[in-house]
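Protein chains in written order, with my numbering: chain R, 1 to 338; chain S, 339 to 689; chain Z, 690 to 1019; chain U, 1020 to 1523.
Just so you know, these hints were derived from the structure itself, not from any lab.
Any given hint could turn out to be false.
[Claimed, not checked] In the DSS-like style, the derived pairs of lysine-lysine whose C-alpha atoms are separated by at most 30 Å in a straight line are:
no., chain 1, residue 1, chain 2, residue 2
1, U, Lys1087, U, Lys1182
2, Z, Lys895, U, Lys1126
3, U, Lys1445, U, Lys1028
4, Z, Lys1006, R, Lys124
5, Z, Lys959, U, Lys1137
6, Z, Lys1007, U, Lys1167
[To be verified] Non-contacting residues of chain R with respect to chain S, defined by C-beta distances greater than 12 Å in every case (computed):
no., residue
7, Trp14
8, Val106
9, Phe117
10, Ala183
All C-beta atoms, glycine included, are put in the ideal place defined by N, C-alpha and C.
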Amino acid sequence: MSTRTINNVQNFSWKRFMLQWEWMLIALIIIIFIVNSSISPYFLNFTSISDATMTFLDKAFIVFPMVMIMIMREIDISVGSTVALASVVMATTFNAGLPMELAIVVCLLVGALCGFFNGFLLVKYRELSAVIVTLSTMILYRGIAYMILEDQSSGGFPSWFSYFGWGYIGPIPFILLLFVILAIGFALLLHKTVFGRQVYAIGSNTTASRFSGVKVDRIKLIVFTLAGVMAAITAIFLTARMGSTRPNVANMYELDVIAMVALGGISTAGGKGKMLGAILAVFVIGYLQYGLGLINIPAQMLLIVIGVLLIASVTVTNLRVKGKFKTSSKSDSKEKVS
Amino acid sequence: MRKWWSFSFLLVIFLTVLVACGQQTGGSNEDNSGDSGSEGNDGQRHAVIFKSTGNPFGEKLMEGFETAITEAGDEAILRAPDQPTVEGQIQIIEELISQQVDSITIIGNDYDGLQPVLTKAMDRGIKVLSADSAVNGASRLVHINQADPEAIGRIQIEAVAEMIDHEGQIAILSATSQASNQNLWIEWMQTELEKPDYENIELVEIAYGDDLRDKSVSETEALLQSYPDLKAIIAPTTVGIAAASKVISDKGLQGEVVVTGLGLPSEMAEYIENGVSPWMYLWNPIDLGYLAGYAAKALADEEISGEVGDTFEAGDLGNFEVTETEDGTEVLLGDPFKFDPDNIDEWKDVY
Amino acid sequence: MMESNLIRYVSKFRELGLLGFIIILAIVIQFLNPAFLTLGNLSDMLKNTAILCILALGMMLVLVTRGIDLSIGATLALSGMITALTVSAYPGLSPFLAILLGIIVGSACGVILGLLVSKVGILPIIASLGLMNAFRGMTFWVGGGDWVSAYQMPDSFKGIATSNILGINTLVFIAIIIFLFFYYFVNNTITGRQIYALGSNPDSAKISGINANKVYMLVYTLMGGLSGLAGVLWVSKFASSQGDTASGYELTVIAACILGGVSINGGVGKVIGVLLGAFLLGVLDNGLPLINVSPFWQMGIEGVIILVAVLFNTEIKKKVEKNNRLRRVI
Amino acid sequence: MSDYVLELKAITKEFPGVKALDNVHFNLKAGEIHALMGENGAGKSTFIKVITGVHLPNKGDVYLNGEKVVFHNPKEATKVGIAAIYQHVTNYPDLSVTENIFMGHEKIKKSTRKIQWKEMHADAKALLESLGSDLNPKTEMGSLSVAKQQIVEIAKALSANAKIIIMDEPTAALTHRESEELYKITERLRDEGVAIIFISHRFEDMYRLADRVTVLRDSQYIGTWDVDGISNDKLVVAMVGREIKQLFPEKQVLIDEELLRVEKLGQAGMFKDISFTLHKGEILGITGLVGAGRSELCQALFGIEPYDEGAVYFEGEKVTIKTPADAVNLGIGYLPEDRQTQSLILQWSISQNITLSSLDKISHKGWLNNQEERKMSKTLAEQVGVKTNSIFNLASSLSGGNQQKVAVAKLLTKDLKVLIFDEPTKGVDIGARSSIYQIMIDLASEGYGIIMISSEMPEVIGLSDRIAVMCEGRITRFLDKDQATQEAILEAAMSKQTSKSQVV
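Just chain R, same shape as in the assembly (with noise of 0.2 Å):
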């Protein structure tokens, strides 16, 4: 009809490439490995490092999905109860005379109902803001871990179980190797495939995906459903590293996890925000934990390094969005069909 020709080459441009938010947690990454390693002698070695890397990852696994929930404008803060409660079933389940690779497998199946289960009254209950779900869901998840333990702790696991929390391959540690797979993996799923796709476009416009034949219900299920996998990985490998469990365990890990996806640069206006800005965000967190720890720095100056961290990287981003944001709105959260 028209004779008019529309460019379909896309020009690569270096100030777009520059402006990109991970290179500021690369420059951050740096900064940390410099500042570390010259407060403390003993940062700067290849056993320190990869010890560092064993004790941050058990729940750096839960930001992959995370990242999917935070663009699609949604959020979950009940992951932490959903590790404990994998676990503390884990640890029952063995001492009930389950084989620990049978009892493994329940323990992912329970993280994976309960994400499920967090999806499914989403999804069912439309108006329902996700907030709101996962809090019921969090006192709950919690709850049944402590009916189930009471104040016992668990344990007494067989000794290859063990390797999850502490094993080596070569020098690198099991747990780095698994994270970068996964990491790659769901890189690949958020950037690369029509899922991923899907996932940035209800983030931007909910009712528009789901006029163009997006399956959001779907879609929804399934991230709340890896988010419960992954909760349930984490708790394999922080059972894994006590060697027992109790309900008590991954305590506020929610904040932990939604604070390294805020740095990451995920925007919490949803459809904005890349995997390797959240990866990148878990090793700028724990190397400047770990070497602020190695300088043995009182662990409230932690907690407020940690609390303004978040908020700073928050407000960056949301510079960045520029005035797009609005605090939250009805009709901005919640897509109205009618």
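Given the coordinates of chain R, work out where chains S, Z and U should sit on it, guided by the hints.
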């Protein structure tokens, strides 16, 4: 507008961080005196990890530890996670392993949960001992026991019996038993109660206040409601005993219901003076830390190895011997110390 | 139509339903342990619920504006700690000044959050999450890791929680005053109604000339001030101040609001409802130990009740909307 | 004193990239009803917002009773007695009727600043009664029907002592009977000396009520006439800008076999008893007043809000459509009414928008192929004639018409057979309009069956092969192309009495 606020906010943060850093390098903060030091190069470094920050018992214990280590001319590192969790302690231990400290003294948040990381520390040549709240025998070389659990359990029953003339209902208000100490003591209390001397004493309930103020208060109130004839509450936990005493004072039940157990003199001074708690017990956390400090030093110097029969000298406290327990070996500090109206004044400002 | 009338009735008198539930619960507990409905126990219960009520009322306004405040536990601890340190250093300080100090500290915390939400434009859940960490850290920091104990506090200060005013315990008295204030404020002042208008429809509010930022500042500052007040009362009640005071308490407060029928989507929330919501939790806290429910079951039971309340609410709302639609055409 | 209570001279309002008002004049006498007419996107809403102080004009002056005034915010306009009742009812659904009426000017006791509920409830009741309504002022606003909310809005304007009331498409969502009531209220207000600006694109409203009429077109002022002094045809030309027929390309009528058959479709509270058929190559126009259930019907066909009763046959087979994905899989596509919130993701590139609904075509086993995506979006963007230089430009950078073309291009990515266009030219400028019509005609001749929902009479008459007119949830009449006249359609759209026998 929003932009302006954002920038000014970031500026405030930046300045605050600068100021905080400035203070940090000023390094007058006692808590982290450990970081200032590269002075004595051949000096050893000994770390102690308490359950969580903001606990006066812990502060005093670490103070004692630091005194001992300083006396020996070494450097002390005092750490605690912000929450009483195993995860937090694991992270700290990893950091200490990276720093290649010479010894780690742990006040465990869980009996078994620290075994993997402590084993790793020992594999890297770090001497590990526990104090106050033990970790299992496989994860430590020796445990510094504040007092014999048997003695702690029995002495509280004896005290209660004396307070209520060997007759009436009593209840126990415990913490959560995660650190397993309380459960062990309660077992010994129950054993002691089987003696014919106490046949008129009835233990009606063991309640758990979770070591939370509000919870301990409601549990105490529930006990008083459910058992109107209750004569005494034993609270072998510092939070529980203070909460229970507070409830009794507020209700004006002095003399009708007595409270005893294990409490901090500073927290309990008020109630010992007003008679709610005629007396109570605790060990001296400063001494406990002090002893742990010397034990850590002795282990690091390979003066002792944690075997039964080893002996070492702990500064002003004299000589101690390593003894056998059901799970591993231990060093016993001594009997619990009794705090009563006569001596509480001199102790309440100490810890 | 019978059914739809019933539904409309239920939704209108949600508070009555809640009250009914509390009464049934009370009867069950009473049946299992006769010590429950005694004067002594009821007054204990009131005292224990007073602080929760105060905080829940503040949280209600925050939720009505579609916000949330997770930092109140930390704010409570911080202002409690600062007040406790002050009274231990100056034992002659009048308790009124102590309360005032707590309110000022709390309000300052609230102002920071309000600025972050209104001026910087951070989502309330993230902003308050960050501040929660920061305030908690500061509490440990100003306290230097130590506790402030009963003997360090002057009697006048401890007396705040134990004394009586007009024959009513001071805590309860303060809670009643605040309740009355809120009742008046949200129902009978323009500012109070503006809070609801803003939560009900932010875009219209703009057209009506309501200054949204001012309202956000107001509710978060008010919330902070109430947390500060609660901090003083808490410390006085337990005669002890620690770094981890009221850790995680924000969730209980939010739960009370949700039970009381406050909608997290804004615009909806009644003072009476919130009061009843707090009472329900108070009855559970007080009653479950009395009927020997293991303390470890309490959290699970609370979780189930909250979830059921939330879902029940939405179902009712859906039905009402459908009925409205059915009445409309054809 | 001026003759006019309100006068606007040479108002120009620009938004980044768009001139929303260009040199517009307007005046209003006391005690008159002045109709403001124009097609969607002509600038009526912006004009209202200038009067009410929501927008500050870039050029031009506003005079109130002969004095120059500047409104910086809505409150200032309210203060001097200007009230607006907006098209999308802007109220507080969770608050009571009384509060909605008095929002912004609550009655308070001077000394205590206490809100005087009793007085307010009583006043609200009196106000509503004066408008002939027996509403309980304590009712929650959100539970009322649109018509009743409308009345509350009028009461709100009155309570603010408004001397000038602006009604923005108030009858759009009302039934005939409700409209009649509104007319009476409006006339009563006029007789009491209130000046009323009445915005509508229903000629019926204008003839029934207005004394004078002002027409805007494409952001420009066209003219002001006495209603008695202008013929219908002239008014249409004034609004549309040229003879209607010119806009619409010739379409060969080539109606083929049946594609879609709908039998007795119904959805509680929205529509009932809908039956029609759609053939290959046919454009079926569905018209009626806003709120007649047209959009709801089509959204039900597309699976957004499933229907409760009745059956849908696609190519002769009975099908169930529960989700949009079901509909798309069958071959039904939907162009939503509001492209900014329902169709496009504005912060995405043109290319990503075009491919969103058919990602499976540019992917292999779930993996996206960028090469394919670029090729596909380039082809389609060129096919519908989007005016842009790169497919990587953001959708938000396009004008309304070009955005709509992107939305149409989205539909073409799929192997669809039935296309539902919901108000395809809403807010689209004249130029882009004719190209969208061209696209629709072309699609029909390619064999698509097209359902077009539209409120624009000329477009319905000019494009459709058949027209179904809806009123209050039912199809009241089918008109063939040669029977279709504005009058016939209007009559059917307003007829409350549904003759069921006419349903084919």
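The hints, checked one at a time:
no. : hint                  : in the structure
1   : Lys1087/U x Lys1182/U : 17 Å, holds
2   : Lys895/Z x Lys1126/U  : 20 Å, holds
3   : Lys1445/U x Lys1028/U : 28 Å, holds
4   : Lys1006/Z x Lys124/R  : 14 Å, holds
5   : Lys959/Z x Lys1137/U  : 19 Å, holds
6   : Lys1007/Z x Lys1167/U : 21 Å, holds
7   : Trp14                 : 25 Å, holds
8   : Val106                : 21 Å, holds
9   : Phe117                : 25 Å, holds
10  : Ala183                : 21 Å, holds
Going down the numbered hints, you'll see the structure goes against none, and every one checks out.
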